[in-house]
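J.: The listed protein sequences correspond, in order, to chains A and B. Quick note on the working numbering: the first sequence kicks off at 1 and runs consecutively. Quick note on the working numbering: the second sequence kicks off at 179 and runs consecutively.
It is possible that part of the hints are untrue.
[Stated by the list, open to error] Derived SDA-like pairs (lysine to any residue); straight-line CA-CA distance at most 25 angstroms:
(1) Lys281(B) / Ser3(A)
(2) Lys278(B) / Ser136(A)
(3) Lys281(B) / Ser136(A)
(4) Lys313(B) / Ser136(A)
(5) Lys281(B) / Gly172(A)
(6) Lys281(B) / Arg55(A)
(7) Lys70(A) / Trp182(B)
(8) Lys313(B) / Lys70(A)
(9) Lys306(B) / Arg55(A)
(10) Lys285(B) / Lys70(A)
These are calculated hints, taken from the structure and not from any lab test.
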Amino acid sequence: MSSYVFSKLCDSIIASLDSKPPANSNNLMNYNPLPQLRSNNVKILINASPLTDKRQFTEYWIKLPLTQHKLQSYDYHTIPGMNMTNLVINGKVRFNENGKNKLGESAEINPMNGMIGGINNNNNNANDKQRAIWGSWFGFTMVVVIDGIINENTLNSEFINSFNYKITYIAGDSVMQV
Amino acid sequence: KEIWKFPLARAQFFFENPQIQSLSTDFISNFLNCWDSDRSLLAPLYTPDSQFSVSVDSAAPFLASGNDSYQDKNNAPWDYYLPISRNMTRITSPQVIESKVAKGNEKILGLFQNLPKTKHSLATNPEKFSSESWKINDNSIMIVLHGEFEEVAAPDQVAKSLPKGPRKGYNNHKNNTNSKAALSIRTFDRSWFIVSSGGSFVIASDLLCVKPYAGTEPWTPSSLVDGAAPATAGSVTQSIPA
């Protein structure tokens, strides 16, 4: 597998984690933040807390505010004879601090309202209608284990058997708590 | 306020089961002891097919913001690391990418010699480290370690950048000065892909990422910070299937 494929994969992982749920998606049917996660027999950790499966990852991720990830480093080894790849991605991430998660749920107390003209929008898709307020950058590390051989045409297939997402630097001046 | 919290509290450690906990804690402790004292002792853990590489992510978020609370620890240059770094956001040539991964015991030990001598305070300050270990399949596990190390001496062999055309002479001179680069304290992430083999185990893949010092806050369990019990979020449970 060429390094070009892994470059594309890193971009794809980050773009999917940062994607918005479709409008009016009160159920999770149309939201697929990490399509490469295997549906079965997958290991998922976020900040060393385990999730049981892909559905729980989706439920978890939709409860976070919108994110912006920026890739800063990646490296990988494909293990001979096992058809598996160990991929490590490092970078920075910041969160939309406008007081809404991806479901449009508001914080009980929203000190940001004043800063954005007092918008108090109960619309479920409020993220589309409110300007994002990006907080400070955090650091992240992802350890991803890939099963099988991937190529440019199969980058959204289910081949991730382990996904370990870890915040490795906490911005002291962000309202976001890890 | 829940909007601004990760749905599950952060933890310092995750071990999928007690056997993996025992294996990985012994492994990490023994590995770091050898790493800090005599890296050649680690040779038996690698096979001719094993791979090791180092990547440097020198652009920490707090450096970019100009708000570096660890500034005194992050003044040292990256001279020892940059010639061997396999950060693939910085290099694109397939030949260079291939040349930066060490394959087999001999080359892996050679690359170990290019890294500064270190001290990890795992035994005395375990709160400075965080790790996760889980089973990949019946005969392999992944061990991930995050933490910090202190550089205590220059590498045995200082790696040199590839000469660049007509500036070869200049670069050689410049590299000679690298052996005097200042030492520092660094944050790192390391992942070992471990495969069992006839009753013992070997390291198939060893990826080390070295970063500016970024403190220990992310390794502190949330329960120690705000007294909260381990969080549960909706149907999210605290177990991972075996």
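J.: All hints, please: hold or fail.
T.: Hints versus structure:
no.	hint	verdict
1	Lys281(B) / Ser3(A)	holds (17 angstroms)
2	Lys278(B) / Ser136(A)	violated (33 angstroms)
3	Lys281(B) / Ser136(A)	violated (39 angstroms)
4	Lys313(B) / Ser136(A)	violated (35 angstroms)
5	Lys281(B) / Gly172(A)	violated (40 angstroms)
6	Lys281(B) / Arg55(A)	violated (38 angstroms)
7	Lys70(A) / Trp182(B)	holds (20 angstroms)
8	Lys313(B) / Lys70(A)	violated (29 angstroms)
9	Lys306(B) / Arg55(A)	violated (33 angstroms)
10	Lys285(B) / Lys70(A)	violated (32 angstroms)
In summary, the structure is inconsistent with hints 2, 3, 4, 5, 6, 8, 9, 10 from the numbered list given earlier, while agreeing with the others.
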